[in-house]
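Protein sequence lines correspond, in order, to chains Y and G. Heads up: the first sequence begins at 1 in our numbering, then just goes up one per residue. Heads up: the second sequence begins at 1 in our numbering, then just goes up one per residue.
These are calculated hints, taken from the structure and not from any lab test. Heads up, some of the hints might be wrong.
Claimed, not checked - Calculated cross-link-like contacts (lysine-lysine; reagent style DSS-like; alpha-carbon spacing at most 27 Å): (1) G/647 / Y/709; (2) G/393 / G/220; (3) G/678 / G/647; (4) G/101 / Y/727; (5) Y/374 / Y/402; (6) Y/678 / Y/741; (7) Y/101 / G/603; (8) Y/101 / G/678.
Treat the numbers as computed from the prediction; the structure is a model and nothing was measured.
So the chains spell out like this:
Number of protein chains: 2
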Amino acid sequence: MASTSSLTLSQALVARAISHHHGSNSSSSSTLSLPTFSGLKSSPAKPSTRLLHRSRRSAGASRPVRASVAEPATVGKTTDTSLVEKSVNTIRFLAIDAVEKANSGHPGLPMGCAPMGHILYDEIMRYNPKNPYWFNRDRFVLSAGHGCMLQYALLHLAGYDSVQEDDLKNFRQWGSRTPGHPEHFETPGVEVTTGPLGQGIANAVGLALAEKHLAARFNKPDSEIVDHYTYVILGDGCQMEGISNEASSLAAHWGLGKLIAFYDDNHISIDGDTEIAFTESVDTRFEGLGWHVIWVKNGNTGYDEIRAAIQEAKAVKDKPTLIKVTTTIGYGSPNKANSYSVHGSALGAKEVDATRKNLAWPFEPFHVPEDVKKHWSRHVPKGSALEAEWNAKFAAYEKKYKEEAAELKSIITGELPAGWEKALPTYTPESPADATRNLSQQCLNALAKVLPGFLGGSADLASSNMTLLKMFGDFQKGTPEERNLRFGVREHGMGAICNGIVLHSPGLIPYNATFFVFTDYMRAAIRISALGEAGVIYVMTHDSIGLGEDGPTHQPIEHLASFRAMPNILMLRPADGNETAGAYKVAVKNRKRPSILALSRQKLPHLAGTSVEGVEKGGYIVSDNSSGNKPDVILVGTGSELEIAYKAGEELRKEGKAVRVVSFISWELFDEQSDAYKESVLPAAVTARVSIEAGSTFGWEKIVGSKGKAIGIDRFGASAPAGRIYKEFGLTVEAVIAAAKEVS
Amino acid sequence: MASTSSLTLSQALVARAISHHHGSNSSSSSTLSLPTFSGLKSSPAKPSTRLLHRSRRSAGASRPVRASVAEPATVGKTTDTSLVEKSVNTIRFLAIDAVEKANSGHPGLPMGCAPMGHILYDEIMRYNPKNPYWFNRDRFVLSAGHGCMLQYALLHLAGYDSVQEDDLKNFRQWGSRTPGHPEHFETPGVEVTTGPLGQGIANAVGLALAEKHLAARFNKPDSEIVDHYTYVILGDGCQMEGISNEASSLAAHWGLGKLIAFYDDNHISIDGDTEIAFTESVDTRFEGLGWHVIWVKNGNTGYDEIRAAIQEAKAVKDKPTLIKVTTTIGYGSPNKANSYSVHGSALGAKEVDATRKNLAWPFEPFHVPEDVKKHWSRHVPKGSALEAEWNAKFAAYEKKYKEEAAELKSIITGELPAGWEKALPTYTPESPADATRNLSQQCLNALAKVLPGFLGGSADLASSNMTLLKMFGDFQKGTPEERNLRFGVREHGMGAICNGIVLHSPGLIPYNATFFVFTDYMRAAIRISALGEAGVIYVMTHDSIGLGEDGPTHQPIEHLASFRAMPNILMLRPADGNETAGAYKVAVKNRKRPSILALSRQKLPHLAGTSVEGVEKGGYIVSDNSSGNKPDVILVGTGSELEIAYKAGEELRKEGKAVRVVSFISWELFDEQSDAYKESVLPAAVTARVSIEAGSTFGWEKIVGSKGKAIGIDRFGASAPAGRIYKEFGLTVEAVIAAAKEVS
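Chain Y with its partners taken away, still in its complex shape (with noise of 0.2 Å):
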């Protein structure tokens, strides 16, 4: 075959430029598992330009990156060359299609993709059709959601019975199980949730990272019982977006050789061509970043560069992997591939037929050629096989490391241990005060020793949000079976990462710290871990005004309210070391809601009352001297302000007041009660209400109705020590005790 000799050709070609750069040391290789691609440098010999490509549009330096080559011996070709393009116009068809019929949609990804999908789900990824959760499996991710069509032709024709022909026929239907992007919670054989750009480049470094941590902890010389790749497809959309960078500077920081990412490189976003907003050398800057960088040039019909990419991808074990493959989008339809207007529309019917007789596709709207059927039809066998084959291998691995088998079971199946709670320390109003930042770092170390699949880290502030592990070391290329993760300060990348962790295994509980005024930065993830039901614990101290000199730029004023608008989330803003406490019991069991733990950097005194079956609870009272539920007043604090409230119930009932503090630890639970619990908490006679907490008032009519009245703080914050704010803002005893008097 010609190809295949001129790719011989160009291998050697590769190795002697190689052996020239690295001099007499490096001898002529015909291996094609190169330490690392950044040993190519161009030399002075004028380079062949089959094997040395500058970007086309390379606006920084524009170094050589290098084509990728056959390898012959090692890519097993399944079928003949005929039927592989027949299978991926398949694809593109039935992406055609579905959208034509849905009149919405985008084609484009899914006609220039289809090659590489085609390869990566007949040729190279190793599933269960019949099990998409098979622990084992093969992670593939979608990071250019928009083009989900592709996914679904895949998973239609790998035989999942998530994707049936109604399915692609119903899609971005109203209950349909192929929505608009993909969604893992809709279509089992999807990992995770994407479209909003970016973000599943950062769920697959969370996938392999997941892969490479539970393979260092469970695997033995005589055992490779986890070991999986992760593949993922991004775009020109995905790259521009900062988050990318971010978890690709992790990638590559920890060393995850089993990414395998490939970059849809087809110059076209929805504005245009690529040209008008994104110039820079993409190549160059994985490099800088720590990828091993292959490009094929021809990913529309180039079947051996991919697979060969692929493979030299997979023999470079410490670093990930990206391939540039360069497409045209749209590929196949005469008029409107390689322009904007195939993206994200319908073709039409004109352009529908042109494609159809473009690529001589005789074929009705949905139709997989019995062929093409036969040929995908033994992935079923072939899946039910693989995971059999793991299955004896496990139970092996069980005979022989009982108390390994029993930790990974756990993870496999989300299974928590029995009596984990229990772990949980206690507190009474004697324990010493302290910053509710410091008690659940007491919490995050007992859980870890009960929950094996437990581990975070922070976004740089591990020291401030008091995150580290002290009985784990850190998670680190050579260290990967430890469990402190360190994200750098990249918050948005470190949220995605976990939602990629979180969604390998049931039994995996990630949580991440920042500041909680940086949920700003991550609010993307975070809404993707509330949408996508993953159970991340998202542990944000610096939760006001407390936090004092840092300044306004520091201080969340306005972010428990947008986290309680946010359907699927809680929003826990514990008052003392009991409700942190059960703040964390409640997170770890709500596997399918994230969490948001809101802490004080600031002392608090553990007060009488708290409770972790009151924070189950969302609100409860805490003290009250009324009686028959008739009080003359209910005091609602939250997190810090509790003591406030607590405090100036105090002081009233010397009075002779009847007062009922209550806290509110978290809307969402308390919505959850039952009308009568909620009535004993808050009666509907009692009107006269006042709550306080170091945030915006938005929304606390709910809680202290029309007559009652809502202290809180409605501007931006200020630099100063905490004390000196809180008095400067009317967050006082005083003003709560002066607030109960107007409104009772």
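Chain G: place on chain Y using the hints.
Same frame as chain Y, but now just chain G:
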């Protein structure tokens, strides 16, 4: 001088290396205005280690980065080294002493960056201390905002009134002008508000963009009336944040040659050595982005190296320059330098003493030696002279180029042309139904005709956000006079760049755009707009489930509430043409408060009763058949749901009800109205109220009260045609009618 001669030698060697690499076409050159740094590659000959260095911890391809080379001919050293060192130590000790007195703050960066700070403010930058707002001043941004004592010390030495000795002594105290991070609204001389990492470099890109744009529009062959540099210092933390990569990619794409960034490469972040989380090659990444990169190896005492790097940077006109300055954090502290302990805490009395001894600093706290004071005293007269010179230049310009001068003056002063608002379109109920995103485009184009400082663009969604200005081309490297900004898919960078633009000159009015849900990607920048009184206009389309098929990842739910809770920002959700025009009127007028316009993808009718005047009040009556301010029921809607409320009102009136329909386009503006006005719209006695909005009901209790009903969406959205989702979610005329009957 030894350093000079060795640098001259270096220069010659560099020239030789270049000529070798470039081959015979490139002749040996003795000048340093090299075309681009990218020309420098490793040559086969072993490079001189004096010239070619490897990054200490380069994980990726380790590429040689050339150290800066002094240029004796152009560097005007204004003083002898001992006085420079004394001035540098003054800066160090002002920072040490202020942090010590406050017992709070970050001494490490000022101690390490004092040399580059000194050179910038004493030798390089053009500014007028007595008029911090002089238009043509060089801009300086401390992206690593925690090191603000560096800037305060420099402003103090330079003679700014805003930072006097007492201000230094009141560092981080209530009411002081020296808050814990730089806040431009507190401290004249500070250009932008920083602290949240990574945003400052993006602000600087905006400042440099503004300069390039205005220079292209207003400079004449005989008069460079706009001509300044933008300098920025960023640290490891800034480099890790994704936003800095986004903005830096754009800076190179746009060819912002007058942007010069100092990367304080000190290897330390809060959690310790950057080795634990940040091992990429920043140099290589920036070369990939298209920057000119220089490495100053000795940032602690290498004054000539720093000077030479700046000269070299200035000589590179077509690219921004990153000067990597390797420094020691906390330089001078014998026991804490080069450790995280000096990053964010006071040194402590003992270590302050030790540092005084170590740096031979015999002075009292806050003392500025007389010779240093005298040396710096020239900046007040020099600054006045610079401004006077420019004023004279402008006077001449004004005579010759009357029209341009008037436009530029309007941009400099922020005075809007009289009657500008008359340009906004008006609509009647007979105008064709249209999406508010399209009506928005009509407003944008109308405003661009009358507002000389109006410019903006979208994060790769111009054709969906409808934000193109039709009479202008794209702002690009070669066409910087144009006004359509192409941000690519970089929302966070976009927001922070616009903060830089709007803070460059009061008359610059930038808008930016993406889908409303993706405000999550840029929320940290939006918050800085609000805190920093930066009147950026956020054009956010696809504002609800009304976008349909893209599904829940793209459908905002909690976003309206989340911004209503944020201080100092206007959240506007117009319902039709007149409301869209009104929203723009409000947004343009509010130069110290950012505005977010939430706009529909779907068509909406123009309703009778909507008005610009109504919009300005935030909430107002659109239709009413009641009398005596006693309607049976009040129906409240916003944006696309106002139509539903409106129609429900019509139906209910047919049944004999007295119904008031209220548009609630901006809660913030309504809050600012008189009690009498509020009572005229929402009379306290009328508790029968129903609201409808396609978003979270969180917060609506404030409007509808405990007896009213809020119809909204308290779950995530769904992928389906918009009409179907509205129906399934119960956002219908029928639902409003039913609720109205229930509550009245």
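- [ ] Take the C-alpha atoms of residue 101 of chain Y and residue 603 of chain G, compute the straight-line distance between them, and say whether it is at most 27 Å.
- [x] Distance of about 22 Å is within 27 Å: holds.
Open item on the list: Against the 27 Å threshold, does the CA-CA distance of residue 374 of chain Y and residue 402 of chain Y hold or violate the hint?
Closed with: violated (42 Å)
- [ ] For the pair supplied as a hint, residue 101 of chain G and residue 727 of chain Y, confirm whether the alpha-carbon distance does not exceed 27 Å.
- [x] At roughly 22 Å apart (the allowed maximum being 27 Å), residue 727 of chain Y and residue 101 of chain G satisfy the hint.
- [ ] Please work out if residue 393 of chain G and residue 220 of chain G have their alpha carbons no farther apart than 27 Å.
- [x] Cα-Cα ~12 Å, so holds.
Open item on the list: Hint check: residue 678 of chain Y vs residue 741 of chain Y, CA-CA at most 27 Å. Holds or violated?
Closed with: Holds: residue 678 of chain Y and residue 741 of chain Y sit about 24 Å apart, inside 27 Å.
- [ ] Could you grab the alpha-carbon distance between residue 647 of chain G and residue 709 of chain Y and see if it respects the 27 Å cut-off?
- [x] violated (35 Å)
TODO: With a cut-off of 27 Å on the C-alpha distance, tell me whether residue 101 of chain Y and residue 678 of chain G pass.
DONE: violated (50 Å)
Open item on the list: Between the alpha carbons of residue 678 of chain G and residue 647 of chain G, is the straight-line distance 27 Å or under?
Closed with: holds (24 Å)
This entry does not satisfy hints 1, 5, 8, going by the numbered hints stated previously.
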